[in-house]
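A.B. asks: What follows is each chain in one-letter form.
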Amino acid sequence: MKRSKFMLGTLGGLALVANPEHVFARALSSTLRPGLPGAENRVFVLINLQGGNDGLNCVVPHGDPLYYRLRPHLAIPAKQVLALDARIGFNPAMRSMKALYDRGMLAVVQGVGYPHPNHSHFRSTEIWQSAAPERYEHTGWLGRYLDEAQIPQSELFAGVSIAQVLPEVMIGNRVDVPAIPHARGYGFVGNRNVPVRRAFNGILGDRALPFTSPYLAHVTEITENAQSGAQELPTLIAGYRTKASYPATALGRSLALAAQIAAKSSGTRVLYVAHGSYDTHVNQQPTQDRLLGELSDALAAFYDDLAEHGNDARVLAMTFSEFGRRIAQNGSAGTDHGEASPLFLVGKAIKGGIYGAYPVLADHDAGNLRYTTDFRSVYATVLERWLGRPATPVLAGDFPMLPMLG
Amino acid sequence: MEEARRIPRHVDIPGLVRPAGALDERSALLPFRGRWTPRDAAHLLRRAGFGGTPSEIAGVAAMGMERAVDTLMQLPAAEKLAPPGGLFDAVAFLEEHGGLRALRNNEAERLKLFKQIRKGEFRSLLALQQWWLQRMLDGASPLQEKMTFYFHGHFTTASLQKNVTAKMTFDQNQLFRRFALGNLRDLTKAVSSDPAMLLYLDNARNNKTHPNENYARELMELFTLGLGAYSEEDVRQAARAWTGYEVFPLRGVARYNPRKHDDGIKRFLGRTGNFDGNDIVDIIFEQPQCARFWATSLLNAFLYNDPEEGLVSATASLLRANDFELRPVLGTLFRSNAFYSTRAYRALVKSPVEFLVGAHKAVGIARIDPRSRPALRAMGQVLFSPPNVAGWPGGENWLTSDMTIARDNFLAGLVTGRAIEDSWLAKAPTDAHRAADLLSTELLQGDASPAARADVARYLHDNHNRDQRLRGGTYLTLAMPAFTLA
Numbered sequence: 001m002k003r004s005k006f007m008l009g010t011l012g013g014l015a016l017v018a019n020p021e022h023v024f025a026r027a028l029s030s031t032l033r034p035g036l037p038g039a040e041n042r043v044f045v046l047i048n049l050q051g052g053n054d055g056l057n058c059v060v061p062h063g064d065p066l067y068y069r070l071r072p073h074l075a076i077p078a079k080q081v082l083a084l085d086a087r088i089g090f091n092p093a094m095r096s097m098k099a100l101y102d103r104g105m106l107a108v109v110q111g112v113g114y115p116h117p118n119h120s121h122f123r124s125t126e127i128w129q130s131a132a133p134e135r136y137e138h139t140g141w142l143g144r145y146l147d148e149a150q151i152p153q154s155e156l157f158a159g160v161s162i163a164q165v166l167p168e169v170m171i172g173n174r175v176d177v178p179a180i181p182h183a184r185g186y187g188f189v190g191n192r193n194v195p196v197r198r199a200f201n202g203i204l205g206d207r208a209l210p211f212t213s214p215y216l217a218h219v220t221e222i223t224e225n226a227q228s229g230a231q232e233l234p235t236l237i238a239g240y241r242t243k244a245s246y247p248a249t250a251l252g253r254s255l256a257l258a259a260q261i262a263a264k265s266s267g268t269r270v271l272y273v274a275h276g277s278y279d280t281h282v283n284q285q286p287t288q289d290r291l292l293g294e295l296s297d298a299l300a301a302f303y304d305d306l307a308e309h310g311n312d313a314r315v316l317a318m319t320f321s322e323f324g325r326r327i328a329q330n331g332s333a334g335t336d337h338g339e340a341s342p343l344f345l346v347g348k349a350i351k352g353g354i355y356g357a358y359p360v361l362a363d364h365d366a367g368n369l370r371y372t373t374d375f376r377s378v379y380a381t382v383l384e385r386w387l388g389r390p391a392t393p394v395l396a397g398d399f400p401m402l403p404m405l406g
Numbered sequence: 407m408e409e410a411r412r413i414p415r416h417v418d419i420p421g422l423v424r425p426a427g428a429l430d431e432r433s434a435l436l437p438f439r440g441r442w443t444p445r446d447a448a449h450l451l452r453r454a455g456f457g458g459t460p461s462e463i464a465g466v467a468a469m470g471m472e473r474a475v476d477t478l479m480q481l482p483a484a485e486k487l488a489p490p491g492g493l494f495d496a497v498a499f500l501e502e503h504g505g506l507r508a509l510r511n512n513e514a515e516r517l518k519l520f521k522q523i524r525k526g527e528f529r530s531l532l533a534l535q536q537w538w539l540q541r542m543l544d545g546a547s548p549l550q551e552k553m554t555f556y557f558h559g560h561f562t563t564a565s566l567q568k569n570v571t572a573k574m575t576f577d578q579n580q581l582f583r584r585f586a587l588g589n590l591r592d593l594t595k596a597v598s599s600d601p602a603m604l605l606y607l608d609n610a611r612n613n614k615t616h617p618n619e620n621y622a623r624e625l626m627e628l629f630t631l632g633l634g635a636y637s638e639e640d641v642r643q644a645a646r647a648w649t650g651y652e653v654f655p656l657r658g659v660a661r662y663n664p665r666k667h668d669d670g671i672k673r674f675l676g677r678t679g680n681f682d683g684n685d686i687v688d689i690i691f692e693q694p695q696c697a698r699f700w701a702t703s704l705l706n707a708f709l710y711n712d713p714e715e716g717l718v719s720a721t722a723s724l725l726r727a728n729d730f731e732l733r734p735v736l737g738t739l740f741r742s743n744a745f746y747s748t749r750a751y752r753a754l755v756k757s758p759v760e761f762l763v764g765a766h767k768a769v770g771i772a773r774i775d776p777r778s779r780p781a782l783r784a785m786g787q788v789l790f791s792p793p794n795v796a797g798w799p800g801g802e803n804w805l806t807s808d809m810t811i812a813r814d815n816f817l818a819g820l821v822t823g824r825a826i827e828d829s830w831l832a833k834a835p836t837d838a839h840r841a842a843d844l845l846s847t848e849l850l851q852g853d854a855s856p857a858a859r860a861d862v863a864r865y866l867h868d869n870h871n872r873d874q875r876l877r878g879g880t881y882l883t884l885a886m887p888a889f890t891l892a
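In order, the protein sequence lines correspond to chains A and B. In terms of our numbering, the first sequence opens at residue 1 and continues consecutively. In terms of our numbering, the second sequence opens at residue 407 and continues consecutively.
In isolation and in its complexed conformation, chain A is listed as follows (with noise of 0.2 Å):
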């Protein structure tokens, strides 16, 4: 048989039933939390820069004549540089987040790191995520907070994954995030054709089970929640419109999403969102501008769509990277898996500027950057001065904040 003579359904003729009380609810309800004042209000958007960004290709020492001799090919020219100050300045793919940080509200915190680092891309992406460099651990930090947070099950959105699948860091042992790859793309295929739709919300409605089992009020529970979120996801972001300009790409169409689910009435408070692969072992430069330059465009459009709606002092996003590279260039123009790297922090709330040191290139770790921030200094500033919640319970240990929030 063909597939087309058997569809479970197609999206036209759908009305898409949506809980309205729902996002009512939510409205009313984020207004009266107590807390951080105004924390209630805030989100957090983390991205992923996946591969291993080139640190030392992205913020440049062009005052260090060591860098020039270290990588005689891959250097990018001081001339070419969007120097901030005599010793670094931003790869020159990087226009629209310089002009971010002229307007004073781009951040940058130099060197970022962790004890005995891993060069596995997975365990170091694990680590950065779980925020737990000595142990194995399947939660992730920003999962953990939203336990923390004591966010209510009735909260659908309170975090939201926008991608394929769900990342680590998003993962606690309390609250759902929804992994949503894009708008449409999320729900129940299954559940396109009305009366199979219908059926299955019959079907979760009720529990008289001729069996027992420790997993069943969670299985149901979970399949209710995947059931309204996707019901609610084209409610919550139906009529928005914005005049700014994202890049056709994947990151400005994941970006312009996360702008949507920020507006006020979602109760989200963390998002994520990836972009890569930064994995540049060969012919790096090219790759490392388009990736950089797409970066920044689409933070650039983030931020005017986040004004144009009033929401840009509300959003705080944030870089990561699971590794710098390696300081000297390898054999094919590219750079192999490293240690330290600088992460960016963007939002009208910041105080814009150049934190941490930059790590010393003649100090080298076997030729790998030494870290002088811990990467959980920046995760615990972001928990208290942003999200308004105690880091140690998160981050299991107390590091220094660094002044950039509150």
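Check each hint, because a few of them may be wrong.
Claimed, not checked - Restraint-style ranges between C-beta atoms, simulated for each label pair:
1) A/GLU224 - B/LYS666: 49 to 59 Å
2) A/ASP289 - B/ASP868: 50 to 60 Å
3) A/ASP289 - B/GLU692: 55 to 65 Å
4) A/GLU224 - B/PRO734: 43 to 53 Å
Stated by the list, open to error - Where chain B lies over chain A, by a calculated footprint (3+ residues, C-beta under 8 Å):
5) 39 to 50
6) 71 to 83
7) 209 to 222
8) 225 to 232
No wet-lab data here; the hints were simulated from the structure. Beta carbons: idealized from backbone N, C-alpha and C, even for Gly.
With chain A held as given, fit chain B onto it using these hints.
C.D. replies: Same frame as chain A, now just chain B:
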């Protein structure tokens, strides 16, 4: 050097939930003498395999428990199994392209060859994943594949990382298959010198001048003892004992090189001697905590999660009494009162692989759907690609909204786009209520609520396209909570 605590700590994996009610410790592992029903047969097939087709369940139910367990435990010889066709052979590839010398040629040529090797390896891995899923679905022994799957999650190794090739991955998979109901101590020794494991946990880099502790640590923390049952000094000493192994990645073979082995005296878990790696494993298996660790792991995988202290002790004693031979231990478990208790029934969450293979079986689809790889990725479990060395945590960790959507979307795809004339579904009665009952009986062993069955019946009744409504009804029945549970 400061000695760390030696207090064995309970292995606590968040998200694993114990069933409600109390365990009768005295009778838990005694043979089940109650009435053994088709529901029990389906339960056995889910635990000791990947579920059953309606006719497989009926066949096993007709055997009675004793013969059903005996039959499941007859494993075919794994040695003769041929690898799936077209497994990439890096040695042959290089010989065709000028041998190792070609790699020393100019940079561009070298990169080109490496790119082709990576491509070949990736294609092989896809073939290997599909091949294994197909064996789970219709291989000669579901239990042999289930045990192989269990060991893959226990002794995790990720393919295509750290030079682990598809060939090594196949060889390790075969090793697990050979030891399916074998001796856990012997398997632990064998997997320790398996090329894929030697690379994945860096034991191939562990030599007397530059010891690498990664494997020694995980061997104890994740494979045999659990945190707290050994000290940091024990890790260092075990690493010294395990020095000397090398791997030749292109050929995918390992070799023991005595010149790289640390021949000195080691002090390990209170014993002193010139130990080698196998001695370390022997000493580990003498620790009472080792039997408890394996007992907990086996009960979590085959009975229910977070098993009671008394049950862990009893199973650990059984393991020790049988010198860590799995056959008698699992034989006892699959025949036990605890196994057929209501507390164990549907008490586990299916892993995505179990869910996917089980759905093929339930619907009666003979070939693994080619869309399975993206579906499994969305559901959170890709074979030969565990999230980290600790494997897949299971339980509630499989219950997130995106995984739920991915599971149901996979079901929707499975019942769409293929002929159902050959399936038992084609013989479903025309009457909507009888058809809904049949779906519930055959797909869920009746584990649907009366109201949910009525909803499916109403859906079937209102829909006049017979083919379409059978597919929709199948989707709805499999989307009920029972099918997510094993």
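A.B. asks: All the hints need checking, so say for each whether the structure fits it.
C.D. replies: Each hint, compared with the structure:
The supplied range of 49 to 59 Å is met by A/GLU224 and B/LYS666, whose beta-carbon atoms lie about 58 Å from each other. Here the CB-CB span from A/ASP289 to B/ASP868 is close to 58 Å, well matched to the stated 50 to 60 Å. The given range of 55 to 65 Å is respected by A/ASP289 and B/GLU692, whose C-beta atoms sit roughly 59 Å from each other. At roughly 44 Å, the beta-carbon separation of A/GLU224 and B/PRO734 lies within the given 43 to 53 Å, and the hint holds.
For the segment 39 to 50 of chain A, the stated coverage by chain B is not satisfied: 0 residues place a CB nearer than 8 Å to a CB of that chain, which falls below the threshold of 3. With 0 residues having a beta carbon nearer than 8 Å to a beta carbon of chain B, the segment 71 to 83 of chain A misses the requirement of three or more and the stated coverage is violated. With a threshold of 8 Å between beta carbons, the proposed coverage of the segment 209 to 222 of chain A by chain B holds, since 12 of its residues qualify and at least three are required. A stretch counts as covered by a chain when three or more of its residues have a beta carbon under 8 Å from one of that chain; for the segment 225 to 232 of chain A and chain B the count is 4, and the coverage holds.
The structure shown violates the earlier hints numbered 5 and 6.
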